[in-house]
Amino acid sequence: MCKEKFYQLTGENIKSELANLNQLTFEVTDSCNLKCRYCGYGELYNDYDKREDRDLDQESAIKLIDYLAELWRSKNNKSYGGHIYISFYGGEPLLNMNFIKNIVKHIESLTNIHNKFVFSMTTNGLLLDKHIDYLTEKDFRLLISLDGTKANNSYRVNHSGMNSFDKVYSNAKKIQEHYPDYFNDRINFNSVLHNKNSVAEIHSFFKKEFNKVTRVGELNTSGIPETKHKEFDQMYNSKRDSLLKAQNHKIIEKDWFVDNPKTDALATYLHKHSGNVFFSYNELLIPTTPIKNTDRIPTGTCLPFNKKMFVTVTGKILVCERIGHQHAVGNISKQGIKLDLDKIAETYNSYFRTLTSQCSTCYNLDTCKQCIFTFDTIDSELRCKHFTNKKQFESNTSLIIDYLRENPDLYEKIMTKVLVN
Amino acid sequence: MKKYWFNLNPDTFVWKNRSNILLYNSATKISIEFNYSPELHSIIEKLSSLSNLYCIQIDQTELSVSNVKEFIDRIIKSNSGTLSEITNNQQRPIQFPPLLNLQCDRDKLKQDTSRSIGEKVITYLNHVDIYFNHQNNINLKKHIENLSKFLKPIPPNQHICFNIILNSASSFNGINTLINNLKDHNSSIILQIDSSLLKNISDKFNIPDDLRIKIIHNASRNEEVMYKALKNTKHIESKISWQFNIHSESEYYNCVSFIEKEQLDNTEIVPEYNGVNLAFFEENIFLNKEDLANPNLDKREVFAHQAMNTNNFGKIIIQSDGNIYSNKHIPPLGNLQNSLKEILTKEMYAGTSWFKIRDMEPCNNCIYQWLCPSPSDYEIEIGKPNLCHVRV
Numbered sequence: 001m002c003k004e005k006f007y008q009l010t011g012e013n014i015k016s017e018l019a020n021l022n023q024l025t026f027e028v029t030d031s032c033n034l035k036c037r038y039c040g041y042g043e044l045y046n047d048y049d050k051r052e053d054r055d056l057d058q059e060s061a062i063k064l065i066d067y068l069a070e071l072w073r074s075k076n077n078k079s080y081g082g083h084i085y086i087s088f089y090g091g092e093p094l095l096n097m098n099f100i101k102n103i104v105k106h107i108e109s110l111t112n113i114h115n116k117f118v119f120s121m122t123t124n125g126l127l128l129d130k131h132i133d134y135l136t137e138k139d140f141r142l143l144i145s146l147d148g149t150k151a152n153n154s155y156r157v158n159h160s161g162m163n164s165f166d167k168v169y170s171n172a173k174k175i176q177e178h179y180p181d182y183f184n185d186r187i188n189f190n191s192v193l194h195n196k197n198s199v200a201e202i203h204s205f206f207k208k209e210f211n212k213v214t215r216v217g218e219l220n221t222s223g224i225p226e227t228k229h230k231e232f233d234q235m236y237n238s239k240r241d242s243l244l245k246a247q248n249h250k251i252i253e254k255d256w257f258v259d260n261p262k263t264d265a266l267a268t269y270l271h272k273h274s275g276n277v278f279f280s281y282n283e284l285l286i287p288t289t290p291i292k293n294t295d296r297i298p299t300g301t302c303l304p305f306n307k308k309m310f311v312t313v314t315g316k317i318l319v320c321e322r323i324g325h326q327h328a329v330g331n332i333s334k335q336g337i338k339l340d341l342d343k344i345a346e347t348y349n350s351y352f353r354t355l356t357s358q359c360s361t362c363y364n365l366d367t368c369k370q371c372i373f374t375f376d377t378i379d380s381e382l383r384c385k386h387f388t389n390k391k392q393f394e395s396n397t398s399l400i401i402d403y404l405r406e407n408p409d410l411y412e413k414i415m416t417k418v419l420v421n
Numbered sequence: 422m423k424k425y426w427f428n429l430n431p432d433t434f435v436w437k438n439r440s441n442i443l444l445y446n447s448a449t450k451i452s453i454e455f456n457y458s459p460e461l462h463s464i465i466e467k468l469s470s471l472s473n474l475y476c477i478q479i480d481q482t483e484l485s486v487s488n489v490k491e492f493i494d495r496i497i498k499s500n501s502g503t504l505s506e507i508t509n510n511q512q513r514p515i516q517f518p519p520l521l522n523l524q525c526d527r528d529k530l531k532q533d534t535s536r537s538i539g540e541k542v543i544t545y546l547n548h549v550d551i552y553f554n555h556q557n558n559i560n561l562k563k564h565i566e567n568l569s570k571f572l573k574p575i576p577p578n579q580h581i582c583f584n585i586i587l588n589s590a591s592s593f594n595g596i597n598t599l600i601n602n603l604k605d606h607n608s609s610i611i612l613q614i615d616s617s618l619l620k621n622i623s624d625k626f627n628i629p630d631d632l633r634i635k636i637i638h639n640a641s642r643n644e645e646v647m648y649k650a651l652k653n654t655k656h657i658e659s660k661i662s663w664q665f666n667i668h669s670e671s672e673y674y675n676c677v678s679f680i681e682k683e684q685l686d687n688t689e690i691v692p693e694y695n696g697v698n699l700a701f702f703e704e705n706i707f708l709n710k711e712d713l714a715n716p717n718l719d720k721r722e723v724f725a726h727q728a729m730n731t732n733n734f735g736k737i738i739i740q741s742d743g744n745i746y747s748n749k750h751i752p753p754l755g756n757l758q759n760s761l762k763e764i765l766t767k768e769m770y771a772g773t774s775w776f777k778i779r780d781m782e783p784c785n786n787c788i789y790q791w792l793c794p795s796p797s798d799y800e801i802e803i804g805k806p807n808l809c810h811v812r813v
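The listed protein sequences correspond, in order, to chains P and V. Take the first sequence: its letter number 18 is residue 18 in the working numbering, and every next letter is one higher. Position in the second sequence (first residue = 1) + 421 = the working numbering.
If we strip away everything but chain P, and leave its shape as in the complex, we get (with noise of 0.2 angstroms):
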């Protein structure tokens, strides 16, 4: 394989994925009518600012909207009905409600933008009742996080230490039962896997209860201090492994589909290296030379806002709610928004030329989903844990070809279904 250089990002790239965002988040307030155990905010972490009851300020972000929104009237955005998402997360986002509606009247009030607005939450669900007929009204895609029976959401306790499961479940019925349409097609729900849970146990519990199969994520494993190490891996539970605990593990798969992490593997699989996977028309159109590094940047990390924006309460702006808060890459403020294009692309950059030698001499390159920010430290002396040499790449590549041969169906479905822009 070859050394060569990768590609280097540049601030009109990044001025680019702002004109074509998908999701604006909005972190509408540190305040929190829970106190989970494993809260990715909560003691077992160390990589987020301090919680401190604050709201975020809602002039810095209707500036921020106003900002953006000259840029998806620009010749930069690309797109006519593109959807953008403009979520609103926490804390418990419903603990500051005025700031969501004034959000939501000043995105409706823009104009000559071709865009179409969708409005999302993820909520802990306990104010629902209070609120319901106004996410309704706005059409809100709702994720609520339950984390399965009222044995498996011990961990979701209030700050008393109540397990907060009879209130949030009574909410979902009470949605359920008075808005039944809205139920089915905008409510999602969010568990989280732990030691008092298991696949099974979430999968059985919503499937009974909602006719609904959940998203089951696993504890984020970076931030962790070394002091609570161990308490973390009491509490840990891997999704692979309960999956295989499960008895009815074949009906769970069917059902998550991509969402099993071997399907998902088989999936990235065929979409790099089956030949048949093209992302666009133009791409069918006109012939193109494979991909070479001089073309891509390394490791599996999104181009930076090519997913999302995400707004701390505290201003601080970020590429995705999933990284750590000191890889801020800008700030808003009553003064207004500071955005260096140029220098985001230069940090980027030099993060990225930490890991050129392993990323050009990695088998896994195409298909890496590694992400540069999860790691602890990045400097000169950072290993990727990922990095895959050739005889590696072979043998899971061999279980993924096992995989599909004691699946074959999965060809055609994930040929057929699978989008995964």
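These aren't lab readings, by the way, just hints derived from the structure by calculation. These figures come from a predicted structure and were not determined experimentally. Hints are not guaranteed to be accurate.
Said to hold, decoys possible - In silico DSS-like links for lysine-lysine, alpha-carbon gap of 27 angstroms or less:
id, chain 1, residue 1, chain 2, residue 2
1, V, K562, V, K573
2, V, K767, P, K417
3, P, K307, V, K604
4, P, K15, P, K105
5, V, K562, P, K15
Dock chain V against chain P, hints included.
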């Protein structure tokens, strides 16, 4: 009894109809055809089933049937498949059959409520025909203003071919303004002029260095027009290309003779249907079985035929009245008062030009369905869905 794995190569397409089977290897570009016999029925059905992943089991008894043996031998000989004896520890050697997964497929985007068919729609635009047929300068000036405003959303780095078609001598006025506006884009600009309008070309406007001029000559006209056009463009011959529209064999030979005599370099001879020359088309343009069986297409190109019209995709036509079309034979998508992205999204939804593929009768029963070129304007003009001599 010996058993074998029979595999098809992942570059090999399999198509069948009631009477024939066609295998096309898009890597070697070789096609092989078989009659659909009862003995091959089960093998073809199994090979076509995607869950078999192009790998089926065959035993010695099946191989002893002459039709089956010939089928397999020819496939192996053309490097389109392999036969290997099954040993105890051998795993099933699966392949990825050629099945297109187009991530921005319009039907998928229509169904996906979280996505939009208009996503990145501007990137699909690659060719704009702009017609001019103005008799007075006020209309022309306004039209050029509207055009420039309409085309403004094109990103600066996107390559577009602008084809400016002049149908009246008075339209020369003001063309420079439009050309200057279009030069802001990463574009190639071609000025297309009828040979009869070439009398005073250099007097009418300044020809920018990077502008190319295409002379359209209707070969049914008097030859004198052709020679006059040549004379009038002698001083700018390096910028000139010629398109001869022919309607008969004699016109074809006249044009060839002119090209050779005048040693013209950039020339194109284009058959034109005039309502009475169907026989000329049937004789010279219609495809026969041999043409279709040897299309020299790779896998991407076959997929493209399945997903889009490769002649029309990305093209729009702006008429001098401001109406905008994806094809001159179908109603307009809108006019210059609409936004460019809106017009393109309308065509993504309607698909009457960009997505007109060979999925209608009789082509959908033909084994060459996806090897055949995408439908063109000729089919519409002649009023026939297929321009070939193949009987389905």
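Do the hints match the structure? See the list:
1. A hinted pair counts as satisfied when its Cα atoms are at most 27 angstroms apart, and K562/V with K573/V qualifies at roughly 17 angstroms.
2. Between K767/V and K417/P the CA atoms are separated by roughly 24 angstroms; this keeps the pair inside 27 angstroms, and the hint holds.
3. Using a Cα cut-off of 27 angstroms, the hinted pair K307/P and K604/V is violated, with the two alpha carbons roughly 33 angstroms apart.
4. Between K15/P and K105/P the CA atoms are separated by roughly 26 angstroms; this keeps the pair inside 27 angstroms, and the hint holds.
5. Straight-line distance between C-alpha atoms of K562/V and K15/P comes to about 35 angstroms, which puts the hinted pair past the 27 angstroms bound.
This entry does not satisfy hints 3 and 5, going by the numbered hints stated previously.
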